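In order, the protein sequences belong to chains A and B. Note that our numbering has the first sequence beginning at 154, numbered continuously upward. Note that our numbering has the second sequence beginning at 19, numbered continuously upward.
Among the hints, erroneous ones may be present.
Quick list of in silico lysine to any residue cross-link-like pairs, SDA-like style, CA-CA up to 20 Å [said to hold, decoys possible]: (1) A/K207 to B/M114; (2) B/K75 to A/G257; (3) A/K156 to B/G60; (4) A/K156 to B/R62; (5) A/K156 to A/T225; (6) A/K205 to B/E77; (7) B/K32 to B/V128; (8) B/K27 to A/R198; (9) B/K89 to B/T118; (10) B/K75 to A/T255; (11) B/K27 to A/S194; (12) B/K27 to A/F192; (13) A/K156 to B/V128; (14) A/K156 to A/E211; (15) A/K205 to A/F192.
Not everything, but these chain A residues come out facing chain B in the computed CB check (under 8 Å) [to be verified]: (16) N183; (17) F192; (18) S194; (19) G196; (20) P197; (21) F199; (22) Q202; (23) F256; (24) G257; (25) S258; (26) G259; (27) T263; (28) V264.
For the record, the hints were derived by calculation from the structure and aren't laboratory data. These figures come from a predicted structure and were not determined experimentally. Even glycine gets a Cβ: it sits at the ideal position worked out from N, Cα and C.
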Amino acid sequence: LAKTTQPISMDSYEGQEVNITCSHNNIATNDYITWYQQFPSQGPRFIIQGYKTKVTNEVASLFIPADRKSSTLSLPRVSLSDTAVYYCLVGDISSGSARQLTFGSGTQLTVLP
Amino acid sequence: NAGVTQTPKFQVLKTGQSMTLQCAQDMNHNSMYWYRQDPGMGLRLIYYSASEGTTDKGEVPNGYNVSRLNKREFSLRLESAAPSQTSVYFCASSDMGGYTFGSGTRLTVV
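Isolated chain B (complex conformation):
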C-alpha cells in the first residue's frame, strides 16, 4: 500500500540544467497536484490535474511544466533550473476523503 511515491528524494542541479520529478499514486485518485514548500512557509500549488489528460496552472507555475502521463502518474519538469527553484516539492493526489502526499523531493539549484 504505497500511496504516493516520488522520485528522486534529493537532487542537486546547476543553474540552467533540466530535470523531471516523477510522481505515481496507486489509490485510483482522479486528481493530482504538485506543490512547493519553502523554509518556514506553507505549501504553494504549482500545477494540478483534475483528471487524466487535463492540467491547469496553480499559484506559482512559472518555470515549470507538467505531464499527466496516465491516471497514476503526474510529472513535473524544470526546463532551465534557477536558484529560486530551490525548494521541497510535494506531489499529492485526492479524492473526497482528502489529500495524500508523497514524502517530497528536496531540490537544490546552485
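The shape of chain A in the complex, shown without the other chains:
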C-alpha cells in the first residue's frame, strides 16, 4: 500500500484558491489517487479521483504530474463551509478484492472570513 504524506493543517481566506499537496513516492502502476472530505461528526465524503494528468468536477480539480509521485487537490474560491479535514488515499481500485486503503491524519483546512 502506498504511503501518503500531507500537511497537517492549512489556513486560507474566503474566496481564495486552495491547493493541498499529497506525496506518494511509492505509488504503484495500478494505483489511483482519491481525495475525501470529512466534516466534524460525519463520515468522509468522496471528492475526486484520478490516475494521471488533470481531473476536474463541479467541486475540485486534481493535478497529477507525469511521475505520479505527488498530487494536488485544488479547491477554487473556498468558502467557510469548506473548512474540513481532507484525506488523500492511494490504492488499486481495479481489483475485485476489498481495498484496505489507509487513512492518514489528513489535512485540516480552516477557511477564515
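Following the hints, complete the assembly by docking chain B onto the known chain A.
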C-alpha cells in the same frame, strides 16, 4: 437513495456490557468495512469484508467481532466493552468508484 445506514447513532455502555453496531448498504457493493476514529486522528480499520461470507482483520481488531450477514449487512460486535473502545465508529462500502461512508455511531464506554 440511502447509501450506508448505521444504527444506533449514539450509545453509552458500561464497562463489560456487550452490543452490536448495525450497518446496511443499498448500493450492491461487494466490500464493506468498519473503522474507528478517535479525536483528532484519522480512521483506523477494524475489520473488512471483501464479499458476502468473508471477513478479515484490519489494523485494530482486538476486542471486536464482525458478521457479514448478507451482501447488504455488516455488523460489528463488542463482546465486553472497555473504556478504550470509546470512539466514533464508521461503516463503509466500496466499489471501483470509491468508498461510501455511513454517518457514524458515537460510542461512549464508562
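Evaluated hints:
1. Between A/K207 and B/M114 the CA atoms are separated by roughly 19 Å; this keeps the pair inside 20 Å, and the hint holds.
2. With a C-alpha separation of about 18 Å, the suggested pair B/K75 and A/G257 falls inside the 20 Å cut-off, and the hint holds.
3. Among the hinted pairs, A/K156 with B/G60 is consistent with the structure: their alpha-carbon atoms are about 14 Å apart, no more than 20 Å.
4. For the proposed pair A/K156 and B/R62, the alpha carbon gap of about 14 Å is at most 20 Å, so the pair holds.
5. The straight-line distance between the Cα atoms of A/K156 and A/T225 is roughly 16 Å, inside the 20 Å bound, and the hint therefore holds.
6. Our distance criterion of 20 Å between C-alpha atoms is broken by A/K205 and B/E77, whose separation comes to about 30 Å.
7. Pair hint B/K32 plus B/V128 holds up; C-alpha atoms about 5 Å apart against a cutoff of 20 Å.
8. Note on B/K27 and A/R198: the hinted pairing holds, with a Cα-Cα distance of about 18 Å set against a maximum of 20 Å.
9. With a CA separation close to 15 Å, the supplied pair B/K89 and B/T118 stays within the 20 Å bound.
10. Taking the CA atoms of B/K75 and A/T255, the gap is near 14 Å; set against the 20 Å cutoff, the hint holds.
11. Pair hint B/K27 plus A/S194 holds up; C-alpha atoms about 10 Å apart against a cutoff of 20 Å.
12. With a CA separation close to 16 Å, the supplied pair B/K27 and A/F192 stays within the 20 Å bound.
13. Taking the CA atoms of A/K156 and B/V128, the gap is near 35 Å; set against the 20 Å cutoff, the hint is violated.
14. Distance restraint check for A/K156 and A/E211: the Cα-Cα separation of roughly 28 Å exceeds the 20 Å cut-off, and the hinted pair is therefore not satisfied.
15. Restraint check: the Cα-Cα separation between A/K205 and A/F192 comes to about 27 Å, which exceeds 20 Å; the hinted pair is violated.
16. Below 8 Å, beta-carbon pairs count as interface contacts, and A/N183 has none with chain B, the closest being about 12 Å; its hint is therefore violated.
17. Checking A/F192 against chain B by beta carbon gives a least distance of about 11 Å; that is not within 8 Å, so the hint is violated.
18. For the restraint placing A/S194 at the interface with chain B, the shortest Cβ-Cβ distance is roughly 7 Å, inside the 8 Å limit, so the hint holds.
19. Of the supplied interface hints, the one on A/G196 holds, with its beta-carbon coming within about 3 Å of a beta-carbon of chain B, less than 8 Å.
20. This hint holds: A/P197 has a C-beta 5 Å from the nearest C-beta of chain B, less than the 8 Å allowed.
21. Because the closest C-beta pair between A/F199 and chain B is about 5 Å apart, less than 8 Å, the hint holds.
22. Because the closest C-beta pair between A/Q202 and chain B is about 6 Å apart, less than 8 Å, the hint holds.
23. Nearest Cβ of chain B to the Cβ of A/F256: about 4 Å, under the 8 Å cut. The hint holds.
24. Because the smallest distance between the Cβ of A/G257 and any Cβ of chain B comes to about 5 Å, under 8 Å, the interface hint for this residue holds.
25. At about 5 Å, the closest approach between the beta carbon of A/S258 and any beta carbon in chain B falls short of 8 Å, and the interface hint on this residue holds.
26. Look at A/G259: its Cβ gets to within about 6 Å of chain B, closer than 8 Å, so that hint holds up.
27. The beta carbon of A/T263 comes no nearer than 14 Å to any beta carbon in chain B, farther than 8 Å, and the hint placing it at the interface is violated.
28. Here the hint on A/V264 is broken, as its CB sits about 19 Å from the closest CB of chain B, past 8 Å.
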